[in-house]
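S.K.: Protein chains in written order, with my numbering: chain A, 1 to 341; chain B, 1 to 488.
It should be emphasised that the hints constitute simulated quantities derived from the structure, not laboratory data.
Only a predicted model underlies this, so the values are computations on that prediction, with no experimental measurement involved.
Treat the hints loosely; a few may be bogus.
Chain B residues, not near chain A, derived (Cβ > 10 Å throughout) [unchecked claim]: (1) A177; (2) E220; (3) A268.
Taking lysine to any residue pairs in the SDA-like style, the calculated list, with each CA pair at most 20 Å apart, reads [what the hints assert, rightly or not]: (4) A:K53 with B:R293; (5) B:K169 with B:R218; (6) A:K53 with B:Q290.
Idealized CB from N, CA, C, for every residue including glycine.
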Amino acid sequence: MKALRDVVVTGQGWLLPPGMTPASFETPLASDAGPAARQLHGFDAAAYVGDPKVLRAMNRVFQIAAAASVLAMRPAGFIAPADLERAGLVPERCGIATAMTEISPVDANLIDAIRDRSAGEKFDLGAFGESARHRLHPFRRLMLLANMAAAHSSLLFGLQGPSFTFNSGTSSGLQAIREACWTIASGRADLMLCEAADSPQNSLHCHPVTEAAAALVLEAEAVARRRGARILACLRPGPEQPCPSHPRVGEPSSEAAFCHHAPAAAGLLAVLARLPDGRAAAERQQPGSLRETAPGYPPEASAAQARPAVLSSLEIVPCAPDPAALTGPSAALAAEKVGTR
Amino acid sequence: MLTPKNNGRRVVVTGLGAISPLGWGAEEFWNSLTQGRSGIGATAHLDLAPFRSRVAGAVHGFQARKHLSDPKTLKLMTRSVSLGVAAAEAAIADSGWKPGADDPARIGCFVGSPGHAGERDELLPALALAWREGRLDLGTYGEQGIAATNPLWLLKSLANIVLYFASLKLGSHGPNANICMSGAGGVMAVGEAAAEILAGRADLALAGGYESLLDDERLESFERSGLLCLEAGDGPAASRPFDRGRQGFVPGEGAGFLMLEERQHAQARGARIYTELLGYGQAAPGRECQPFRAHETPAAFAHAAAAALAEARLSAWQLDAIFAHGLGTPASDRAEAEALLQLLGARAAYIPITAVKSLTGNLAAASGPLEIIAAAGCFAPRSMPVPAIANLDDPDPVGLDYVRRSPRPLAGATEYASRPLPAGAATGLAQTAPERGEFARRILINSASLTGVAACLVLGESPAADAGLPAVEAAISVPALQPACEAK
Numbered sequence: 001m002k003a004l005r006d007v008v009v010t011g012q013g014w015l016l017p018p019g020m021t022p023a024s025f026e027t028p029l030a031s032d033a034g035p036a037a038r039q040l041h042g043f044d045a046a047a048y049v050g051d052p053k054v055l056r057a058m059n060r061v062f063q064i065a066a067a068a069s070v071l072a073m074r075p076a077g078f079i080a081p082a083d084l085e086r087a088g089l090v091p092e093r094c095g096i097a098t099a100m101t102e103i104s105p106v107d108a109n110l111i112d113a114i115r116d117r118s119a120g121e122k123f124d125l126g127a128f129g130e131s132a133r134h135r136l137h138p139f140r141r142l143m144l145l146a147n148m149a150a151a152h153s154s155l156l157f158g159l160q161g162p163s164f165t166f167n168s169g170t171s172s173g174l175q176a177i178r179e180a181c182w183t184i185a186s187g188r189a190d191l192m193l194c195e196a197a198d199s200p201q202n203s204l205h206c207h208p209v210t211e212a213a214a215a216l217v218l219e220a221e222a223v224a225r226r227r228g229a230r231i232l233a234c235l236r237p238g239p240e241q242p243c244p245s246h247p248r249v250g251e252p253s254s255e256a257a258f259c260h261h262a263p264a265a266a267g268l269l270a271v272l273a274r275l276p277d278g279r280a281a282a283e284r285q286q287p288g289s290l291r292e293t294a295p296g297y298p299p300e301a302s303a304a305q306a307r308p309a310v311l312s313s314l315e316i317v318p319c320a321p322d323p324a325a326l327t328g329p330s331a332a333l334a335a336e337k338v339g340t341r
Numbered sequence: 001m002l003t004p005k006n007n008g009r010r011v012v013v014t015g016l017g018a019i020s021p022l023g024w025g026a027e028e029f030w031n032s033l034t035q036g037r038s039g040i041g042a043t044a045h046l047d048l049a050p051f052r053s054r055v056a057g058a059v060h061g062f063q064a065r066k067h068l069s070d071p072k073t074l075k076l077m078t079r080s081v082s083l084g085v086a087a088a089e090a091a092i093a094d095s096g097w098k099p100g101a102d103d104p105a106r107i108g109c110f111v112g113s114p115g116h117a118g119e120r121d122e123l124l125p126a127l128a129l130a131w132r133e134g135r136l137d138l139g140t141y142g143e144q145g146i147a148a149t150n151p152l153w154l155l156k157s158l159a160n161i162v163l164y165f166a167s168l169k170l171g172s173h174g175p176n177a178n179i180c181m182s183g184a185g186g187v188m189a190v191g192e193a194a195a196e197i198l199a200g201r202a203d204l205a206l207a208g209g210y211e212s213l214l215d216d217e218r219l220e221s222f223e224r225s226g227l228l229c230l231e232a233g234d235g236p237a238a239s240r241p242f243d244r245g246r247q248g249f250v251p252g253e254g255a256g257f258l259m260l261e262e263r264q265h266a267q268a269r270g271a272r273i274y275t276e277l278l279g280y281g282q283a284a285p286g287r288e289c290q291p292f293r294a295h296e297t298p299a300a301f302a303h304a305a306a307a308a309l310a311e312a313r314l315s316a317w318q319l320d321a322i323f324a325h326g327l328g329t330p331a332s333d334r335a336e337a338e339a340l341l342q343l344l345g346a347r348a349a350y351i352p353i354t355a356v357k358s359l360t361g362n363l364a365a366a367s368g369p370l371e372i373i374a375a376a377g378c379f380a381p382r383s384m385p386v387p388a389i390a391n392l393d394d395p396d397p398v399g400l401d402y403v404r405r406s407p408r409p410l411a412g413a414t415e416y417a418s419r420p421l422p423a424g425a426a427t428g429l430a431q432t433a434p435e436r437g438e439f440a441r442r443i444l445i446n447s448a449s450l451t452g453v454a455a456c457l458v459l460g461e462s463p464a465a466d467a468g469l470p471a472v473e474a475a476i477s478v479p480a481l482q483p484a485c486e487a488k
């Protein structure tokens with residue numbers, strides 16, 4: 001069998017209600033936190049996605065996914081599509097793996113359409129008919145596609161390689177990372193952007209969801225070193241592991257808290273928490289298996305929810321920043337545009 | 001790509017499960033395709049009167065209670081989910097593989113799904129309860145609305161519910177994924193499952209896709225998008241891939257699943273082999289296009305097909321047929337044709353191209369796996385001719401060898417020599433035996449999502465020694481469905 005390539009993390013980004021600092025990982029939300037505590041306050045999507053036309057085409061959950069991706073890609077040296085080639089990468093060998101939460105068929109656009117067409121103050125079921133349809137966004141159905149988040153981020157950064165969107169509840173994030181790792185390790189791609197996002201707007205039917213997004217930039221180690229990227233950690237994907245018969249929920253770790261409230265982003269947040277910038281606590285920087293804190297559905301949900309998606313094991317070995325590595329074209333690009341972190 | 005490949009492992013298809021507007025089961029599907037019998041028309045389970053799109057590719061005669069091995073689970077399923085589970089069970093049954101025969105950790109399951117599976121109508125009573133002074137009051141919604149909703153709604157709406165039921169049926173603990181990539185999801189599920197088997201992380205896997213575009217929410221949203229065929233008079237004539245008169249796609253529903261196995265694993269148990277997966281490629285459009293117009297660009301089609309062919313170690317002109325994505329919208333067909341012209345060069349005029357969606361409509365994530373099943377029927381021993389593209393009166397764009405009016409026998413290796421060489425090619429594999437001689441015939445499958453991501457597979461005809469093995473007895477009997485044409 002062909003030798004597998006090593007995979008490293010070269011960028012990270014997250015948006016959580018407690019903030020965007022490493023300390024935000026230390027602030028797990030209480031399970032009874034109200035809707036206000038679960039939302040990103042002061043989030044300005046225009047700060048991340050400059051094109052207003054593109055912004056209007058994005059649901060809130062796609063906006064925060066794109067924002068996390070921008071936060072991860074910028075320090076890795078990628079701001080515009082042309083930056084991939086400037087860093088010596090081939091766009092067709094750069095891809096994306098997205099973990100996406102449920103996209104509810106009852107969204108703000110639909111509710112507005114009903115309100116506009118409802119007779120007086122009464123909810124009018126008939127408003128779902130033809131008259132309300134004219135109030136819908138022309139591309140509403142495309143805006144509800146789970147894979148539209150990946151499409152937006154691909155276009156933002158010019159990623160023309162493999163593109164995945166996974167939705168398997170709380171294991172989606174780890175599946176995205178696992179697929180991205182294998183895609184790089186087996187030689188199908190040199191760079192994979194992993195992103196995940198959750199938004200309460202998609203949870204009218206569901207348990208409370210925290211508004212959260214996370215992103216990781218994964219690269220083949222040799223490629224990252226050649227272009228002088230800052231390497232944050234090594235990732236080693238393991239074989240699939242059977243899902244535990246009963247998920248471990250309610251542990252006093254922030255991962256468990258995030259799992260409970262941000263199902264899609266949970267896997268990425270759990271990895272981010274183990275990277276040098278993600279958490280200062282030394283014990284968290286030791287190599288460990290995510291199986292120990294396997295995300296799972298909340299206990300009130302049926303076992304049917306926990307069973308289908310098998311969890312991945314993933315070994316994370318954080319790396320101290322290597323100043324000697326920060327000399328390549330990407331380091332120069334990052335310093336020129338946003339400064340090194 | 002199906003890498004790594006230098007470990008001697010190969011992936012074959014040993015089971016087929018097809019539920020489509022053309023009927024139940026691969027044989028019924030193949031017969032309908034050969035006879036040009038369309039599955040497009042009125043629907044029995046959905047009133048299309050409120051919509052401008054009056055025709056659909058609906059599955060007729062499907063009785064979930066009758067066709068599922070455990071009807072009690074139906075309370076957790078929407079219609080599209082039940083179609084998916086039924087097709088998954090049919091593929092397992094068709095393969096003759098018995099659960100318990102393999103290490104659960106070596107069994108994979110990959111599903112291309114639409115994502116959210118819930119039906120909006122079940123939420124409407126909760127919305128009505130929470131409607132206060134012309135606005136949705138989330139507090140009331142949480143306190144009273146959710147209590148008024150079917151308590152199983154959340155489980156029914158889970159995006160990975162088919163993956164769950166299929167994994168249970170298989171007893172699978174191995175690699176798995178619920179891939180939500182709309183029209184490309186089904187082919188991606190098959191490609192990713194094959195990659196897991198080739199890499200040695202699984203010995204067999206169930207893979208496929210399911211989706212229904214036939215509900216109020218999807219129809220009313222797509223109606224505004226300009227992607228649907230809205231002014232169709234005669235039902236079957238509405239779906240017109242690659243015809244100048246095409247107006248958009250016809251929405252449909254269906255499910256297609258395949259049992260994939262490592263070749264030696266299949267041979268060891270004497271399984272019937274339908275085809276071998278030779279190459280897989282996937283690509284995104286990436287740049288210089290608008291998000292909602294990305295499926296109208298040829299770049300991803302071209303990159304994905306080239307990657308799949310490279311994996312199969314084939315030149316484009318060594319293909320014997322192409323099962324095109326053929327969505328039926330003016331721009332998407334033009335983009336795909338442009339990519340094929342670019343890929344095939346001077347040979348474009350000699351490689352037959354068909355589009356199954358002309359008879360089924362757009363079944364989204366289910367289309368790709370069903371098109372793989374259709375292509376598998378063209379290989380021995382079934383040796384079905386390449387089906388004709390229905391309603392193709394005035395080809396657009398020109399330059400491709402569309403199969404029109406009547407099916408055409410699949411060409412074989414013996415015909416390579418009679419094909420003209422591409423301009424400038426002094427010598428080439430076309431003048432010699434195919435590089436991998438045992439694969440006398442190969443077919444390219446194209447698929448794409450509305451976000452512009454393309455996924456392609458190359459299938460090869462199995463060596464006669466494999467294909468000729470006696471068919472294994474099905475694990476469960478599958479009752480026949482009423483053919484689509486009789487149900488109208």
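S.K.: Each hint needs a verdict: does it hold in this structure or not?
M.R.: Evaluation of the provided hints:
no.: 1; hint: A177; in the structure: 6 Å, violated
no.: 2; hint: E220; in the structure: 5 Å, violated
no.: 3; hint: A268; in the structure: 21 Å, holds
no.: 4; hint: A:K53 with B:R293; in the structure: 13 Å, holds
no.: 5; hint: B:K169 with B:R218; in the structure: 30 Å, violated
no.: 6; hint: A:K53 with B:Q290; in the structure: 9 Å, holds
In this structure, the hints that do not hold are numbers 1, 2, 5, in rising order.
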